[in-house]
Structures are given as structure tokens and as C-alpha cells.
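Protein chains: 2
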Amino acid sequence: MKMERKSTEIRQEEIRRAFLELIDHEGLHNLSTRKVADKVGVSEGALFRHFKSKRAIILSIIDGVEDVLMKSLRAVATEDSSSADRLFKFLCVHVRYLIENKGITMLLFSEAAHSNDPELKARMLKILNSQKQLAKKIIQDGIVAGEWDSSLQVENVATLYMGIPISLNIELILSPYGVNTENFCKKMMCILERALKKSA
Amino acid sequence: MKMERKSTEIRQEEIRRAFLELIDHEGLHNLSTRKVADKVGVSEGALFRHFKSKRAIILSIIDGVEDVLMKSLRAVATEDSSSADRLFKFLCVHVRYLIENKGITMLLFSEAAHSNDPELKARMLKILNSQKQLAKKIIQDGIVAGEWDSSLQVENVATLYMGIPISLNIELILSPYGVNTENFCKKMMCILERALKKSA
DNA sequence: TAACTTAGCAAGCAACCACTTACTTGTCAA
DNA sequence: TTGACAAGTAAGTGGTTGCTTGCTAAGTTA
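Going down the list, the sequences are from chains A and B.
The first sequence begins at 1188 in our numbering and counts up one residue at a time.
The second sequence begins at 1188 in our numbering and counts up one residue at a time.
Possibly wrong hints are sitting among the right ones.
If several chains are the same, the list does not tell them apart, and a pair holds so long as it fits within one copy or across any two.
Straight-line alpha carbon distances no greater than 25 Å define the calculated BS3-like cross-link-like pairs of lysine-lysine that follow [as the list claims (entries may be wrong)]: (1) Lys1319 <-> Lys1193; (2) Lys1374 <-> Lys1226; (3) Lys1323 <-> Lys1276; (4) Lys1193 <-> Lys1324; (5) Lys1374 <-> Lys1239; (6) Lys1319 <-> Lys1258; (7) Lys1384 <-> Lys1374; (8) Lys1323 <-> Lys1241.
Keep in mind the hints are simulated off the structure, nothing from the lab.
A quick note: this is a predicted structure, and the numbers were derived from the prediction, not measured.
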């Protein structure tokens, strides 16, 4: 039996990927360290060599969301371009990340709502809240700049925005032939802009 | 030890309620028949006297969604009033049901996406799909009646609509002081109408 | 090449899972 | 009052969970 040995860094990444893929395919509620180890192609013991607990895997995944997604979103939100451009780009970045890391939505949403692990819950909440705050900033900027209607309630538009990435997940479930990400963002943006533009 | 005996019908309802409440408070992934039984205040064995399996509890909950929520939504969608009125009422009924049965969103969403039980998955999908079709119908009617802009793509507005009930869930997670249902619906409807109304 | 570190394994742990069994007790019509 | 049945229990079942153990072998450095 050949034994393929890889560094912890590589294995950790493989484990995170396998973890998310299993959440996506089978759901959080029947995800076990056994299955993750199988998917990676390693014994269960080896898995605990690279992460000290299942919880540590989740925390490491959250670190990734903060380092990659949130950083990108923050960059887009503070970019120097029109609010419409920024909002569209924001949505695209958001959606693309969720497509490429399909288990994240479920993990974020479920743990934020139901985890009885305070640290985990707090970190999930912080991510969701930051996303909403950034969306609010872009919308507010657009109103101040005169691009959008000043009678709009920023908070409510942001609330509506937060549902869009999850609408995508529903779309992915409902349409068996797949969803074109770019198109999805354009369509949603199209409707959002109708709601945002100044009333005559 | 006193033993309080109730009829199967009553116990079944208690079990469904406990099941959903536990999903809401602790999440699907750590929901056990033991906890459900504890919450109802009955032994685990008694639980299996009223439902033949855990799966049967879920199926029974789905029956309830179809009998109560979907029936109401269908009634509202085919009502004889303006499309704007119907859409608002539709949203209110939808949201109120999800508030009063808090675990449903998670159950629907999670099982529809991840269940490897084909029957369960199919039924969840059917519910989500029916909701979307009904939303499409209302929007289409509004366009035909000249209430709303004819250049709108009905499909996309319905997709956006489907995100709203989940936006509510996110709102419930993010705002610790609770969410006013009626207000939430009014606010979302207000933005939706801006998007729907005819461009000048 | 010898010493040391690291990634891997198989096997096993207690705790928990959905569910069953064998038996008891409350309710109610005859 | 009694007999049948429905609703309850406590104590299991085998299987799965997250995690640990004791050990081996692959790389790395001296």
C-alpha cells in the first residue's frame, strides 16, 4: 500500500474543500468526520492530525470567508466608481464566491441561526452583518451622489439585497439545468435598479 | 408518577410543534428524537407510538405546509382584487406562516437542497416551486391588467420574491429585538412596487 | 546513516443516534 | 365491573458519532 504524504497546509485545504462539498451534497445534518476523511482519501485519524476538532475545521472555513470574500466585498464597496457599478460588482463577487464554495451558504445561515456555540454564532453573525452594512454603504452613497431616489429607506433595500444570494441557491435547486451566474446577477441588478432609480 | 395520557391526534400535533421548535432553536443537524420526546414531556418510545419513524414526522409536517400554507397562498393568488393587493396579501400570509412555524424555512430549504431521500426532496421542491409559480401568476396578472410595466421579466421578479421570506429569517437572526411582521411586509412591498411600476 | 520529526494507519473509546421490545396503566364501552 | 385497547414506560438493540490511542513509515537534517 502506497502512502501519499502531503503537508498539513495542503491537507487542511483538501479537508476544508471536502467538508464544504459534503455540506452541499448531503447537508449539514449528516456530515461526519468519517465521510470527510473518506472524501479526502485519508484515515479519520489523519484528519485529526491536521485539525484538532470538527469545530476547528468550521472555524478555519470561516477564517477563509473573512480573508477572501469579506475582503473582496469591502474592496468593491469602497471602490471609486458609480454606485450602480459598485452594487453590481458587489453582487457578482458575492454570488461567484458562493457558487465556488457551495456549502458556505448553508453553513453560514444554519450556524448563525442555530448554533449553541457562542463564538461560532458570533462570527457567523458578524459576517452576515458586515455584508449588510457594506450593501447599505453602497446604497447610501448612491443616494447622496444623486444617482438614486432620496426617499428610499436604505435599511430596507439592504434587507432585500441580503435575500438575493439565497435566491440564487433556491434557483440552483429549482432549475435542474444550472444557472448562469453572470446572467443571474444582471437580472437581479436590473430589478434592483428599477427600485432604486428616482421616481419621476 | 402521574401519567398524563392524550389522544394520538393531540400528541402528533405536540410532536410536530416540538420538532419545529427544536429545529429553530438548535438547528436540523442536532435534532434528535430524544430531544423531541423530552420537549413534549414523554418517553422516546411513546413518540414512536404516534409516528412510525422520524421521517414520518417530517412528512407529516410537509402535509401541514401543503394543507395550510399552500392552500392559503393559492387562495390569495386567485383572489378577485388588484395585483398589488394580492401580492401584498400573498407576502403577508407567507411571512406570517413562517413566523408562526419557525423551523419550516430551515427544513424546507435544507431538505430540498440536500436530502438524499427522493420522496422528501421531491415534496420540498414542489412546495418551493409552487410558491414561485403563484408569485409569477400574480405578477403576470398585474402586467396584463396594465398595473405594472410590461417590459418586466416575470420570472426574475418571482426569483427576487423568493428571497424575501429568507431575508426575513436573516433579519430575525440579525435583529435581537425582534421584527414586526406587518412592517416587514410593508417595507418589502414598498420596494417591490417601485420595481414593478411602469417607467415614465 | 542515524536521529528526529511528521503524516499516516487500524483499532477502539464513550456518547449518542433512530428505533424496538416487553411490559404497565389509564380510559371507556358493554 | 370488567375486558379490550390505546397510550404510556424503562431498558434495551445495533449502528454511527467525534475523537484518541499506540504504532509505523516517509521525509528531513546532522
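The hints, checked one at a time:
no.: 1; hint: Lys1319 <-> Lys1193; in the structure: neither (39 Å within a copy, 47 Å between copies)
no.: 2; hint: Lys1374 <-> Lys1226; in the structure: neither (36 Å within a copy, 45 Å between copies)
no.: 3; hint: Lys1323 <-> Lys1276; in the structure: within (15 Å within a copy, 27 Å between copies)
no.: 4; hint: Lys1193 <-> Lys1324; in the structure: neither (43 Å within a copy, 55 Å between copies)
no.: 5; hint: Lys1374 <-> Lys1239; in the structure: neither (44 Å within a copy, 46 Å between copies)
no.: 6; hint: Lys1319 <-> Lys1258; in the structure: within (14 Å within a copy, 34 Å between copies)
no.: 7; hint: Lys1384 <-> Lys1374; in the structure: both (16 Å within a copy, 17 Å between copies)
no.: 8; hint: Lys1323 <-> Lys1241; in the structure: neither (34 Å within a copy, 42 Å between copies)
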